[in-house]
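K.L.:
From first to last, the protein sequence lines are chains Y and D. Using my numbering, the first residue of the first sequence is number 56, and each one after it goes up by one. Using my numbering, the first residue of the second sequence is number 56, and each one after it goes up by one.
FYI, nobody ran anything at the bench for these hints, they're computed from the structure. Heads up, a few of these hints could be off.
Which copy is meant is left open, because identical chains are indistinguishable; a pair holds if it fits in one copy or across any two.
[Said to hold, decoys possible] Calculated lysine-lysine pairs in the DSSO-like style (CA-CA distance at most 27 Å, straight line): (1) K108 to K155; (2) K170 to K76; (3) K164 to K148.
Residue-level listing of the chains:
There are 2 protein chains.
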Amino acid sequence: MKTPEEIIIEKEKAALTKWCKGDTSGFIEIRSEEITYFDPYLENRLDGSDAFKKYMKSINGTFSIFRFELLNPIVQIYGNIGVLTFNFVSYSKDDIITSKWNGTEVYRKFEDDWKIIHSHWSRTNTEAK
Amino acid sequence: MKTPEEIIIEKEKAALTKWCKGDTSGFIEIRSEEITYFDPYLENRLDGSDAFKKYMKSINGTFSIFRFELLNPIVQIYGNIGVLTFNFVSYSKDDIITSKWNGTEVYRKFEDDWKIIHSHWSRTNTEAK
């Protein structure tokens, strides 16, 4: 039987595999009603399932990534809550790094499935010390 | 009696009030053993209480902020876990915005107190659409 950690990392990788083709439906499917969402393209946090879905649909098909790595994932598990954090690196066809991200995905276990209740994406190491 | 939401927001504001004077001790005090931490100055996530404390000590006294606002806080509560998200805006003496941040602070209730188990800070709206 898979551990919660394994299930959560698999879900994230499956959604990201779609994402790389510009397909945002993977994240739409695993969002919860109460999702809150930050990324660096937005002026404000998105609150709730509808706002998140509308945003994901608006960017669907507008980008693609050749391949990605999900690095150093850890899942901090507290009962029905799992806090997944990792670095995400995207590559071009020539294997050049095109972007580096810090990712936080907070999952909650509902009756029989884990869904995202909070998501925070930001670029890695963009500020000089 | 205060709600968990109120307690968590008060803790964050107290730590940020010290932070504005360049005093990082407020966040050191409310960190947990298992804290994971992202900010845009780092190349990698910091894992654990010691790494976080060392980093906070290294930047103590190196900055100051005239005043701040913590905007639109929400706390998503799931038993002993509270996911606080907000926008943080810092101002100069002349009341000019000096920086805008997206903040995620995941708190966990230990025996009698809430501490941070994950923290993710990033700049707001740094990427063009």
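K.L.:
For each hint, tell me whether it holds in the structure or not.
P.N.:
Do the hints match the structure? See the list:
1. Proximity of K108 and K155 under a CA criterion of 27 Å is satisfied in both settings, with 24 Å inside one chain copy and 25 Å between copies.
2. For a Cα distance limit of 27 Å, the shortest separation of K170 from K76 inside one copy, 21 Å, qualifies, whereas the shortest one across copies, 39 Å, does not.
3. Proximity of K164 and K148 under a CA criterion of 27 Å is satisfied in neither setting, with 37 Å inside one chain copy and 46 Å between copies.
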